[in-house]
Amino acid sequence: MSTVATNQQSGFIGKASNYLDERTSISGAVKEFGRKIFPDHWSFLLGEVALYSFVIILLSGSFLTFFFQASMSPVEYAGSYVPLKGVEMSAAMSSTLDISFDLRGGLLMRQIHHWAALLFVAAIGLHMLRVFFTGAFRKPRELNWSIGFVLFVLAMAEGFTGYSLPDDLLSGNGLRIIDGMVNAVPVVGTWITFLLFGGEFPGNDIVGRLYTLHILLLPAIVLIFIVMHLMFVIIHKHTQYPGPGKTEDNVVGFPILPVYAAKAGGFFFIVFGIVALMASLVTINPIWAYGPYDPSPVSAGTQPDWYIGFADGALRLIPPHLETVWLGYVWSWNILIPMIILVVFLLVVFIYPFVEAWVTGDKREHHLLDRPRNAPTRTAIGAAGVTFYAVLWAAASSDIIATHFKVTMEGVINTLQILLILGPIIAFSIAKRTCLALQKKDRTMALHGFETGRIVRMPGGEYIEVHQQLDVYDRWKLVSFNDNAPLMLRPNTKGKITGGMRLRVRMSHWFFEERIAPVSSVEHQLELENTHH
Amino acid sequence: MRNKTPRSARRSGRRGPLASIVLIALGLAATGGAYAAFSSVSANASVDLSSPAVIDEGSKLFAANCATCHGMQAQGTADGPSLIGVGAASVDFQVGTGRMPMARSGPQAEVKPVQFTAEQTSALAAYVASLAPGPAIPSQTQLENGNASNGGELFRINCAMCHNVAGAGGALTEGKYAPTLKGVAAVHVYEAMLTGPQNMPVFNNLNLTPSEKKDIIAYLAYNEANPSPGGLELGSLGPVSEGLFLWIFGLGSIVALTVWITAKSN
Chain A
1 MSTVATNQQS GFIGKASNYL DERTSISGAV KEFGRKIFPD HWSFLLGEVA
51 LYSFVIILLS GSFLTFFFQA SMSPVEYAGS YVPLKGVEMS AAMSSTLDIS
101 FDLRGGLLMR QIHHWAALLF VAAIGLHMLR VFFTGAFRKP RELNWSIGFV
151 LFVLAMAEGF TGYSLPDDLL SGNGLRIIDG MVNAVPVVGT WITFLLFGGE
201 FPGNDIVGRL YTLHILLLPA IVLIFIVMHL MFVIIHKHTQ YPGPGKTEDN
251 VVGFPILPVY AAKAGGFFFI VFGIVALMAS LVTINPIWAY GPYDPSPVSA
301 GTQPDWYIGF ADGALRLIPP HLETVWLGYV WSWNILIPMI ILVVFLLVVF
351 IYPFVEAWVT GDKREHHLLD RPRNAPTRTA IGAAGVTFYA VLWAAASSDI
401 IATHFKVTME GVINTLQILL ILGPIIAFSI AKRTCLALQK KDRTMALHGF
451 ETGRIVRMPG GEYIEVHQQL DVYDRWKLVS FNDNAPLMLR PNTKGKITGG
501 MRLRVRMSHW FFEERIAPVS SVEHQLELEN THH
Chain B
1 MRNKTPRSAR RSGRRGPLAS IVLIALGLAA TGGAYAAFSS VSANASVDLS
51 SPAVIDEGSK LFAANCATCH GMQAQGTADG PSLIGVGAAS VDFQVGTGRM
101 PMARSGPQAE VKPVQFTAEQ TSALAAYVAS LAPGPAIPSQ TQLENGNASN
151 GGELFRINCA MCHNVAGAGG ALTEGKYAPT LKGVAAVHVY EAMLTGPQNM
201 PVFNNLNLTP SEKKDIIAYL AYNEANPSPG GLELGSLGPV SEGLFLWIFG
251 LGSIVALTVW ITAKSN
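Those protein sequence lines, which keep their order, are chains A and B. Those letters in the first sequence? Residues 1 to 533, by this note's numbering. Those letters in the second sequence? Residues 1 to 266, by this note's numbering.
Source of the hints: derived by calculation from the structure; they are not laboratory data. Because the structure is a prediction, the values reported are computed rather than measured. Hints should not be assumed to be uniformly reliable.
[Unchecked claim] As a list, the in silico BS3-like pairs of lysine-lysine whose alpha-carbon atoms are at most 30 Å apart: (1) A:K440 / B:K182; (2) B:K264 / A:K31; (3) A:K31 / A:K15; (4) A:K139 / A:K15; (5) B:K264 / A:K85; (6) A:K363 / A:K440; (7) B:K176 / A:K406; (8) A:K406 / B:K182; (9) A:K432 / A:K263; (10) A:K477 / A:K139; (11) A:K441 / B:K176; (12) A:K477 / B:K264; (13) A:K363 / A:K406; (14) A:K441 / A:K477; (15) A:K432 / A:K139; (16) A:K406 / B:K60; (17) A:K263 / B:K182; (18) B:K182 / A:K237; (19) A:K36 / B:K264.
[As the list claims (entries may be wrong)] Just a sample of chain A residues kept apart from chain B, beta carbon distances all over 10 Å, derived: (20) G34; (21) L45; (22) V82; (23) L169; (24) K263; (25) I274; (26) Y290; (27) V298; (28) L315; (29) W358; (30) T408; (31) L419; (32) I455; (33) E527.
Note that the Cβ used here is the ideal one computed from N, Cα and C, for glycine as well.
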């Protein structure tokens, strides 16, 4: 389209871009994307942190693949780390030690790769929390929440497969737990583990197989999902926090070119810098201390990386001896129940946007974010979920809690077992009460303004404190939110009330029964008239 | 007085203003040095454990400090086990690391500042060893020149399940724990293997031969002398401390920087 009559460009850059444009018509895309507006808020950068950590992981991981041997064939270690000299280990372990001790920059690259992996999952988690608590998953973004969720699960899978590759003692213990969990699945479990490990655990195949998953299949899927995720961000436009001048139909912020691209590009190097700093100063996964995998030893304090901790914690919290023999099979409920709980928990996270949309019956598009306090029930559900996850997570370090706080291991486990059930309930009610209280405070502020501390004596002898009305910009933030009323039970077109409708209405009441309505302009007008008497 | 010159002041026996500081420093160095010498050097061959005088001295110390729980003849009471046959190694470990006398009843005796001098510890050991034969205190040659890589393998198989692969310690049941092995003297490590203090099993000479014990000590010594090549060890606790570090310092600083990047200029 713009390939004709643009020859007035002069100078090298002008000519070069003209050359490109005449051959690729790229100016259309630049115009489209370059003018995309992104709002500025720190919490909108968390997803970017995840993206940048992924880039760091790709770069450092590629370096590591040049030197890593994904083989379990036994070798005698002959590298420069003295306490392992002459010890028999797999080629995977030996090559990882060589990367660490005999390759220039190898240990730094390993540590960059591993720290970035931890950061990747953590940034995804924090990003998900931001999206959840601000209601950014509402229509039209429900599908993008699902894509993001898949990325979260894929990131954990990437992490776990990578953690298992060096074939050290710690990762071998981790694989043994996975082996046990899969074995607990009725009927098919044993078949699956034999398929996965190529025979009885640990076999000679697992590292090679995990390597293929880790560097080929999973990264490819992650990349596809990242592309979809970002395409949806472009298609939907970015959400923004409520404020003066911000509506459902606009986006207030900076264009990608030049401002946002510069900021984001710089931010990439900041994230890289922090990861490099951590990697150069702090040890991560010292496989030389763990030694090669051998099925007999298990170290005290054996834990998975943090993002698998909640699964490990579930296994630690389940009461022991829950087993039944039925139909000639042992049903290991002490493994099956935690697995079911984890799957249900993840499923609830996955489908939450659809559940909330159904309960509220809200079919509108939302581009303005909720302040967490203005959606008390959602915020409370989130707090309960975070508490549940946190208790499971803490349980994964029960032994370290016991030694470092000088308490008994049994005491820690029992406390966490109780907290796992009571904690979310307590968190729910505290969060909901807090939200409602904050909303009430906002309402008072919007109606009466803030206290000036100026006490005035009225002619009648009465003392009053003068309140100063907020300015319109500040008030707008406090009054512009959705007021969701509970649904009414009404018969459908056939004149019937179904069970589903009853459930929906009951859920809707649970969501919105207790609520603080935003101050309307009429209310505010009345209030002003009252005070000005 | 005021008219006296500094020289005459010194002659008259008055100290210069720096003298007291020097004296205090000297005193501190002497006591500190002596303390360090006494607490690091445990009972050794310089004391003859079989001499009647030493045994007699030990018996008196025992009656004064240990008999309340272990009984006047070390026969044991309801509050403490019999010490007949535990050997000198056991006493040297328990008293030499400060675990005994115990501060209080609890899941297990904790390490605390050593209460006896090396001579006194030796005397106690001599007395207990005189009651019945038992494991003796290892000599210096039994502790040196082990093979660290063999020791590492043995450590992972025999010790790591309680003490953690890096010797950082770990939790046991009912509030008991395996202590960290950082900073533990080689002789005490050997004695612990030999006598199985607290909840630790005995690793006798059939289980781990003397040369294998030597290897384990060499491995621990290597770890102590060579800090992690990767940087800070975060307590050698593995993924838990790594995860905490990432969330608090890694993600914490990145979030702080996001706030900085998006801050509006005033």
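Do the hints match the structure? See the list:
no.	hint	in the structure
1	A:K440 / B:K182	violated (56 Å)
2	B:K264 / A:K31	holds (27 Å)
3	A:K31 / A:K15	holds (18 Å)
4	A:K139 / A:K15	violated (44 Å)
5	B:K264 / A:K85	violated (57 Å)
6	A:K363 / A:K440	holds (27 Å)
7	B:K176 / A:K406	holds (9 Å)
8	A:K406 / B:K182	holds (18 Å)
9	A:K432 / A:K263	violated (37 Å)
10	A:K477 / A:K139	holds (22 Å)
11	A:K441 / B:K176	violated (50 Å)
12	A:K477 / B:K264	holds (18 Å)
13	A:K363 / A:K406	violated (54 Å)
14	A:K441 / A:K477	holds (13 Å)
15	A:K432 / A:K139	holds (23 Å)
16	A:K406 / B:K60	violated (35 Å)
17	A:K263 / B:K182	violated (47 Å)
18	B:K182 / A:K237	violated (56 Å)
19	A:K36 / B:K264	holds (20 Å)
20	G34	holds (20 Å)
21	L45	violated (4 Å)
22	V82	violated (6 Å)
23	L169	violated (7 Å)
24	K263	violated (6 Å)
25	I274	violated (6 Å)
26	Y290	violated (5 Å)
27	V298	violated (5 Å)
28	L315	holds (15 Å)
29	W358	holds (34 Å)
30	T408	violated (4 Å)
31	L419	holds (18 Å)
32	I455	holds (33 Å)
33	E527	holds (31 Å)
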